[in-house]
Structures are given as C-alpha cells and as structure tokens.
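The lines below spell out each chain.
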Amino acid sequence: MKTLAGQEIHPRMSVHQFVDLFSSLRIHVTAGRGGLDREIESPRIQKPGLALAGVHEYIHPERIQILGETEISYLNRWSGEDRLKILQPIFERGICCFLLTKGLPPPEELVTLAEGTDTPLLTSTEKSSLVINQVTDVLMSALAPVLSVHGVLVDVYGVGLLIIGRGSIGKSESALDLIVRGHRLVSDDVVEIRRQADHLTGTAPELLRYHMELRGLGIINIKELFGVVATRSQVEVELVVELEHWQENGNYDRLGLDELTISILGLPVPYLLMPVAPGRNITILLEVAVRNLLLKRKGIHSAKDFTRRLQQMLEANVDEPEP
Amino acid sequence: MIRKEVTVCNRLGLHARAAAKLVQIANQFQAQVSLTTNQMCADAKSILGVLTLAAAKDTPLIIEVDGPDEAEALSQIEHLIQDRFGEGE
Chain A
76 MKTLAGQEIH PRMSVHQFVD LFSSLRIHVT AGRGGLDREI ESPRIQKPGL
126 ALAGVHEYIH PERIQILGET EISYLNRWSG EDRLKILQPI FERGICCFLL
176 TKGLPPPEEL VTLAEGTDTP LLTSTEKSSL VINQVTDVLM SALAPVLSVH
226 GVLVDVYGVG LLIIGRGSIG KSESALDLIV RGHRLVSDDV VEIRRQADHL
276 TGTAPELLRY HMELRGLGII NIKELFGVVA TRSQVEVELV VELEHWQENG
326 NYDRLGLDEL TISILGLPVP YLLMPVAPGR NITILLEVAV RNLLLKRKGI
376 HSAKDFTRRL QQMLEANVDE PEP
Chain B
5 MIRKEVTVCN RLGLHARAAA KLVQIANQFQ AQVSLTTNQM CADAKSILGV
55 LTLAAAKDTP LIIEVDGPDE AEALSQIEHL IQDRFGEGE
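Residue numbers (this note's numbering), protein chains in the order written: chain A, 76 to 398; chain B, 5 to 93.
A couple of the hints might just be wrong.
[To be verified] Listed below are several chain A residues computed to face chain B (Cβ distance under 10 Å; list not exhaustive):
| no. | residue |
| --- | --- |
| 1 | Ala80 |
| 2 | Gly81 |
| 3 | Gly242 |
| 4 | Glu281 |
| 5 | Leu283 |
Since the hints were made in silico from the structure, they are not lab data. Here the structure is a predicted model, which means the values were calculated and not measured. C-beta: ideal position from N, C-alpha, C; glycine also.
Based on the sequences and whatever the hints tell you, model everything.
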C-alpha cells in the first residue's frame with residue numbers, strides 16, 4: 076500500500092498550556108509553579124494507588140497523576156512522617172504533574188514535596204470521574220499526531236476529498252471549480268490531518284484558513300468571495316485522488332475492480348490515480364468519483380455488478396448447444 | 005533526492021515578497037522541492053504553502069529536492085536564502 080507523503084508532527088503540551096486549556100474545569104496551580112514547563116506526553120491519566128502502597132515500577136511519570144478522595148483518604152490514615160516516606164519516592168520519579176480533584180485540601184507533605192521538587196500540584200473542584208473524562212477526551216485530540224501534507228481538501232457531498240499531485244497540475248483550479256459547483260473548501264495547499272481512533276480529520280493551518288492561491292490571480296479569500304457555505308473548517312478525509320499528467324503508457328484503472336488504498340497515519344483510505352489531459356473535465360470526474368464511493372458504501376458496486384452480469388452471460392453461452 | 009538544512013537569516017524572515025521570490029526560483033526547475041520546519045512541511049513551488057511556514061529569522065529550514073535538476077535547484081534556493089533574499093539585512 077502506498078503511504079501519503081508528508082511531515083508528521085507530534086504536538087507537545089506543557090503543564091502550563093494544560094492549565095490554560097482547562098479553565099472550564101477550574102484547575103488551579105496550588106504548588107510547584109517552578110515546574111509548569113514540564114511536558115505531558117501521554118493523553119492517558121493514572122491513579123497512583125499502587126505507588127502509594129509502595130509499588131513504584133508501574134508508575135508512568137509522563138501521565139497526569141490523579142489524586143481523588145480514595146487516594147487522599149488513604150494518605151490521611153498515616154502520620155505526617157509516614158506520608159513523607161510514601162510520597163517521596165513517587166516524586167523522585169519526575170512526575171509531570173499531580174491533579175487533586177473534588178476541591179480536597181492537600182496534605183501538607185504533598186505541598187512541601189511539590190514545592191521542593193518543582194512538581195506542579197494542580198487542584199480542581201470537580202469530581203475525579205468528570206475530570207478524568209474531560210482531560211482524556213481533550214488530551215486525546217490535542218496530543219494526536221498531525222500529518223501535514225501538500226494538497227487540497229474539499230468537502231464534496233459531505234465526503235472529505237483530498238486532491239494531491241505535483242505543483243501546477245491544477246489542484247487549486249479543480250477545487251475552485253468544485254466550489255463554484257456548490258462544494259466547500261477546507262484547505263488549499265497545506266492540509267493538516269489528525270487521527271483519532273479510526274477517523275482522519277483534515278483542517279487548514281490557522282494562517283491559511285479559507286484562502287486559495289491561483290496563478291494569475293494571487294491569494295483570494297473564498298469565504299469572502301463565495302460566502303460562508305463555500306467553506307468548512309474540518310472534514311473527515313475519506314477519499315484521496317492523485318492527479319498526474321496523462322502518460323501514454325500509464326497504467327490506469329480501466330475496470331474499477333481493484334480497490335486501491337493509501338495509508339494515512341496508519342489508516343487505509345480509498346485512493347484513485349487520475350490522469351489529467353485536455354478534454355478531461357477533472358471537476359466532473361472528481362464529483363463522480365465521490366458519487367461512486369457513496370454508492371459503493373450503499374452496497375452498489377458498478378464495476379462488480381457489470382462483471383457479474385458478464386460472467387453470467389459467459390456461463391450461459393457455454394451451456395448453449397452447438398448449432 | 006538531496007536535502008540540506010539552511011537557516012533563515014534575513015531580519016524579516018520568510019515574508020510575502022521573499023516567499024514569492026523563493027517560489028519563483030523553485031518553479032524554474034523540474035525537480036520537486038519541499039521545505040520543512042519543525043512545525044510543518046510545504047511545497048516550495050506553492051506560495052501559500054511557503055507563506056504558511058511563517059518562518060521567522062533564525063528558523064532552521066530543511067530543503068529537500070528530488071528530480072533531474074536537483075543539484076542546481078538546491079544551490080540556487082540555498083543562495084537566495086543565504087543572500088537574505090537580496091534584501092541586505
């Protein structure tokens with residue numbers, strides 16, 4: 076399988092950015108401000124119950140450690156001196172940050188160690204379950220790998236169509252044609268694709284959003300020119316079409332039986348190689364490619380149906396007696 | 005395919021007119037040219053892509069060139085960047 080070329084970026088998030096992002100959870104920094112530039116590398120959280128019981132090898136320092144009512148009640152069973160003994164080895168692991176939920180008052184030793192080791196100690200007034208759900212959800216998308224590719228992304232009949240191909244092959248011109256025909260631009264030239272589970276979402280880089288460049292015209296703003304319905308901020312990437320100059324001996328699909336895919340961030344996406352030549356209306360071909368994809372999803376496969384009928388006819392002809 | 009890292013050294017960085025010069029040069033060659041920062045990757049033949057890099061002064065850029073005239077293309081682009089796009093500062 077072909078792999079879509081591009082630059083893969085792994086976004087990073089510091090504890091400081093995390094606190095800013097979650098103003099809705101009313102997260103405050105209680106101690107350890109010196110470590111706010113520590114990085115949260117995993118979208119998963121951890122409840123350090125085992126570590127508090129003395130088993131430290133399963134702790135993941137790159138994950139946010141959530142301290143809820145259970146953990147704090149357990150700690151409060153011990154004397155101050157014992158709490159220090161329990162907590163010290165955990166802090167020595169270089170935890171990115173601790174998050175204390177339900178507005179619980181932190182034990183004094185926790186604050187002392189957080190300050191002493193510059194480990195951020197955050198507090199939220201919300202319950203652990205709510206905090207865990209929201210934090211995981213947002214971190215999953217914020218830390219998802221991003222693939223930045225050359226291409227144009229258009230929403231055609233609700234399907235995210237990614238047009239790729241060499242410079243000046245006519246990607247932007249085809250996209251403009253599609254917009255004039257009522258489809259919606261997501262991004263021209265640079266497309267950022269994020270993977271979340273089995274979905275690939277394509278967006279435009281902030282600076283570029285709703286702009287296009289056409290040779291001879293320069294940079295234009297599609298939203299201003301064609302109105303809000305001509306643009307869309309994001310769409311699921313469901314079809315990739317590569318445009319290339321017609322090659323006399325090019326090996327183009329004539330039947331449509333082979334279903335090629337291209338790998339994007341490890342997920343297979345339907346892929347078509349489409350030759351560009353005078354007399355070939357690329358826009359109409361792209362539109363039909365999307366219609367055909369939608370039809371296949373409904374279980375109607377034109378190429379397979381045709382060959383099935385051919386097969387039946389061939390079999391019938393064999394059975395006919397010789398004249 | 006050849007690649008080289010070059011640092012943007014003009015005071016204004018890769019601004020609109022500088023980007024236009026770069027794209028114009030890249031388009032004179034058959035080879036495919038891409039520019040990569042630690043944030044994103046862009047086709048050097050397309051103005052929007054190059055502008056979106058928003059490469060300020062001191063940004064390291066990786067230039068990747070692939071094609072029959074790659075050596076000449078790389079040398080001209082590298083010269084343009086190191087010459088501060090002919091801006092003198």
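Right, here's what the structure says about each hint:
1. Ala80: 9 Å, holds
2. Gly81: Given a least distance of 6 Å, the restraint on Gly81 (chain A) holds.
3. Gly242: Because about 4 Å separates Gly242 (chain A) from the closest Cβ in chain B, which is inside the 10 Å limit, the hint holds.
4. Glu281: 9 Å, holds
5. Leu283: 5 Å, holds
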